[in-house]
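So the sequence lines, in the order shown, correspond to chains W and S.
Letter 15 of the first sequence, counting from 1, is numbered 55 in our numbering, and no numbers are missing.
Letter 226 of the second sequence, counting from 1, is numbered 221 in our numbering, and no numbers are missing.
Mixed in with the good hints there might be a few duds.
To spell it out: a stretch of chain W is covered by chain S in this simulated footprint if at least three of its residues, at any positions, have a beta carbon under 8 Å from a beta carbon of chain S; those stretches are [unchecked claim]:
1) 144 to 153
2) 158 to 169
3) 182 to 195
Source of the hints: derived by calculation from the structure; they are not laboratory data.
Note that CB positions come from ideal geometry on N, CA and C, so glycine has one too.
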Amino acid sequence: MKSNSLAKQIRIESLKMVNRISGSHIGSALSITDILAVLYTEILNIDPSNPDLITRDRLILSKGHACSSLYACLALKGFYNIEDLKTYGKDSSNLMNHVSHKVPGVEFSTGSLGHGLPFGLGKANSLKIQKNSSQVFIIIGDGELSEGSNFEAMLFAAHHDLDNLNLIIDYNNLQSLTTVGKTLNILPIKEKFTSFGWEYYECDGHNHNELKLCLTKSYNSKNGKPKVIVANTIKGKGVSYMENKVEWHYKSPDENLLRQAIKEIENAK
Amino acid sequence: MRNKFIEKLVQKAEIDESIVLIVGDLGYNVIEPFSEKFPNRFFNAGICEQSMASMAAGMASEGHKVFIYSIANFPTFRCAEQIRNDICYHNLDVTIVSVGGGLAYGNLGYSHHAIQDYGLIRLFPEISILSPGDPIEVDKLFEYIMNETTPKYLRLRKSGETNYTNYNENISAGRWNKIIAGKSIFLTTGNGLEIAQRLRLENKKFSDFGIYTCPIWGPKVSNLQVEQIKQFEVVISVEDHLRDCGFGSWLNESCESNNVKNKLYNSYLDKSIIGKVGSEDYLLENFKIEY
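Isolated chain W, as found in the complex (with noise of 0.2 Å):
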C-alpha cells in the first residue's frame, strides 16, 4: 500500500475507533497520521511478521494520546489483525487510549508527556554502544516540548553525538487549550535545536513527498548531531469542521459526523 492510501485508511479506522467510544484526541490523531504513513512506507526497516527483530528501526510515540493513528497504522501494515482496532478503549482490551507497550510493534507506553525523547535517548545510546546500525525516530508535540525533561535529553543527544536519534515535532500549533504561542511561546525552535548542537529540517507533515524527502535526508544523515524534524501540521488534518479547532482535542464524531469525515477523507485527492 503506498503512503497516501495508507494515511486514508488510517483517518478513518481512527475516527471509526474514537466514535466507537466517544473517546477524544482525534484531532492530534489525524495531525500525525502523513508522519506515520510516510514513515511506515517509506523509511522505517521494520517487519510486521518480525516487530523484535534487534535491526527495526524504533518509533516511540511520546504524545501517547494520538495512539488510534498509530493503532490503525500497525494494523493495516499487518502487525495484527484489523479487527483487534474494534477492542479500542473498550473494557481489557490492550489498545488503551494512550500508547501501550502490549500492542505488537508499540516500543514504549506513553501518556505522560516528555518521556518519549528521554527514552528514546536511552535507545539510541545503547544501539551505538552495541554498533548496531538501527535508528530511533520519536513523535513529540509541539506542547509538549515545554516539559524540561526534553531539554535535558537535548543536551545530552548533542554531547554524545547521537546521530541515531531522530525526533519529529508535530508542530500543529495547538495544545490543550489554546495555540502553543498563546500558552508558553516555544518559537524559535530552529534557533534552540541547532544552538544545542542539533541538525534540523522543516517540512510540510501532510505533503507526503516533502516528508520523505525529509526523513531520508534525516535518516542517512551520520555527521554526530542528533536531528530533529519539524513537521508543520494542522490538527484535525483531513476533516474540514476539526482542521484547527481546539475543541477536538476532546469531543468526539457521532454517527453522521462520522459519515461525513469519512465521505470528506474518501473524496480527497
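Use these hints to put chain S onto chain W, whose structure you have.
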C-alpha cells in the same frame, strides 16, 4: 558501602558486558574505578535526574543492565514518574542506587535527608527494595542484583560503616538473616542494623533481644513475613525512615489479616526530625520506639 558497591560493580562488569553505570553528576572519589576501567559503559548524565531515569529505561529496553547513581532524594523523588512509568511499568532491569540513605548527610539539611524514600519506592509493585546494613550485605546483595532482571532500588548509607553481618548463605528476597539469636528480636533494614546494635547495648530492656536483618523487601515478598514473625515472641522493626510508608509500615500491612499483630512493634524516625540538621548521632535523638 559506596566503595564496596563500586568494587563489586567493577568485578561484575568485567564478566558482564551489559552493565552500564550512569551517574547524576555525583560520585566524586567513588565511581572512578568504574569510569576509568569502562569508559564506554560509563555516563555522567549531568544534573538531569528525570532524563537519567528515562534514559536508563531506554537502555535497559535494549538489553543493558543499567545502574543509575545519585544521592539522597535525587534519583527517587525528583524522577518519581519516570521510575513509575518508564522503569517499573515496563519492568526493566534498572537498579536505582541512592547513597546517603536515612541521615547519612545529616548536616546537609532536609533536602539531603532520605527519610521518605522507602515510602515512594514501595508504592511500585514491580520493584524490590535492597537496603543493606553493612558492606558485607552490599557484597552479598550482588548475587541477587545480577540474577534479577526486574527493577531494583539499592539504598546505601555512605562510607566507613562497621561490618556486623557474617553470611554463610546467599541473601534471599524477603527472608530474614540472623545476626544475633534471640526469642525477641530487632528486625532491621539498612542502617537500622547499627541502630539496633546501639539500642541493645544502651538499653537494658533490650539486652536479651536478638537482631535479624531483612535487606531485600518490598511488595513482591509481603507474603513471606507472617510465617517469620510467628517464630518470635516480639519483633521490633528498626529503620532510619519516617514511620509512614516505611519498613515497619510495610511489615504491619504484610500481616494485617493475621493474628501476629500483638508481636509486632515499630521503631523509626519521628517526624520531629524534619527541619533539624546535625550529625547522624545528634539527629538519631529523634528516634522513636513504640514498645
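Holds or violated: the stretch 158 to 169 of chain W covered by chain S, criterion of 3 or more residues with Cβ-Cβ distance under 8 Å? That given contact holds, which follows from 11 residues of the stretch 158 to 169 of chain W lying within Cβ reach (below 8 Å) of chain S.
Just to make sure I understand the rule, a stretch counts as covered if three or more of its residues have a C-beta closer than 8 Å to a C-beta of the chain. Does the stretch 144 to 153 of chain W meet that for chain S? holds (count 6)
Between the stretch 182 to 195 of chain W and chain S, see if three or more residues pass the 8 Å beta-carbon test, and mark the coverage as holds or violated. Check passed, 5 qualifying residues.
Hint violations for this structure: none, all hints satisfied.
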